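*Asks:* Sequence:
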Amino acid sequence: MKTLYNYIDKGLFLGISNKELLHKKKSKRRQHRVRSVSLNNRNGKSIEDRPIEAENREEFGHWEIDLVIEKKGTKPVILTIVERKTRKSLYVLVKNKTQNKVIKGIRKLKRRVGGDFSQVFKTITADNGSEFLDGMGIKRASGCNEVYYAHPYSSYERGSNENGNGILRRFLPKGTDFSRITKNELQRIEDWVNNYPRKIFKFKSANEMYCEAM
Numbered sequence: 001m002k003t004l005y006n007y008i009d010k011g012l013f014l015g016i017s018n019k020e021l022l023h024k025k026k027s028k029r030r031q032h033r034v035r036s037v038s039l040n041n042r043n044g045k046s047i048e049d050r051p052i053e054a055e056n057r058e059e060f061g062h063w064e065i066d067l068v069i070e071k072k073g074t075k076p077v078i079l080t081i082v083e084r085k086t087r088k089s090l091y092v093l094v095k096n097k098t099q100n101k102v103i104k105g106i107r108k109l110k111r112r113v114g115g116d117f118s119q120v121f122k123t124i125t126a127d128n129g130s131e132f133l134d135g136m137g138i139k140r141a142s143g144c145n146e147v148y149y150a151h152p153y154s155s156y157e158r159g160s161n162e163n164g165n166g167i168l169r170r171f172l173p174k175g176t177d178f179s180r181i182t183k184n185e186l187q188r189i190e191d192w193v194n195n196y197p198r199k200i201f202k203f204k205s206a207n208e209m210y211c212e213a214m
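Going by full-length UniProt numbering, the sequence shown opens with residue 1, and the numbers climb by one from there.
One should not assume that every hint holds.
[Unchecked claim] Taking lysine-lysine pairs in the DSSO-like style, the calculated list, with each CA pair at most 30 Å apart, reads: (1) K45 x K108; (2) K139 x K104; (3) K101 x K85; (4) K174 x K95; (5) K45 x K101; (6) K110 x K75; (7) K110 x K199; (8) K204 x K108; (9) K45 x K95; (10) K174 x K85; (11) K97 x K110.
No lab work stands behind these hints: they were computed from the structure.
Remember, predicted model here, so these are calculated numbers, not experimental data.
Whenever a hint applies, use it, and build me the whole structure from the sequences.
*Replies:* Set out below in structure tokens:
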């Protein structure tokens, strides 16, 4: 973990300081009207049907997925996936936000995770972006049992992903050209995020919680 702080001190993460990483923005949860999930999600289910074990974070293996897109018009983008119980985050650069490239990114993450895929990836929850509407493709790529879709304009339903992306953006603020980010740099950020002690876990890291769950 010290190595990650040293990278930050040396300015390898676009000028971010260690002090900035220790403070989390406070934000009020917005009130949203309940909307129906898009009928285009023919290969997935509504978040309303997600099992209670995933909803209350009691069971390991339920993930949230998203894309982080920066500097309008640039490629690639970053595919992020977060395990709900442990907050373990995985990042991978993908060439663009098409369904095909997203599926390839999921396959890469699956190979990195290893283990019994049916236990590691039980469900995945996505938003209604067109890049995630191939629910069957996501299931095949990840080996998960089911893909669930949040209500439109309800990012709070994927709170782990939103919070995790907020941390990622402290390293890669808006305006960053992701084509200049190397795989090794992204891996260093992922390592920092997963090794950072979290108050919610009595100062255990996401990696520690993940290993215990495995």
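*Asks:* If a hint holds in the structure, say so; if it doesn't, say that too.
*Replies:* Hints versus structure:
no.: 1; hint: K45 x K108; verdict: holds, 24 Å
no.: 2; hint: K139 x K104; verdict: holds, 12 Å
no.: 3; hint: K101 x K85; verdict: holds, 27 Å
no.: 4; hint: K174 x K95; verdict: holds, 18 Å
no.: 5; hint: K45 x K101; verdict: holds, 22 Å
no.: 6; hint: K110 x K75; verdict: holds, 22 Å
no.: 7; hint: K110 x K199; verdict: holds, 28 Å
no.: 8; hint: K204 x K108; verdict: holds, 27 Å
no.: 9; hint: K45 x K95; verdict: holds, 27 Å
no.: 10; hint: K174 x K85; verdict: holds, 28 Å
no.: 11; hint: K97 x K110; verdict: holds, 18 Å
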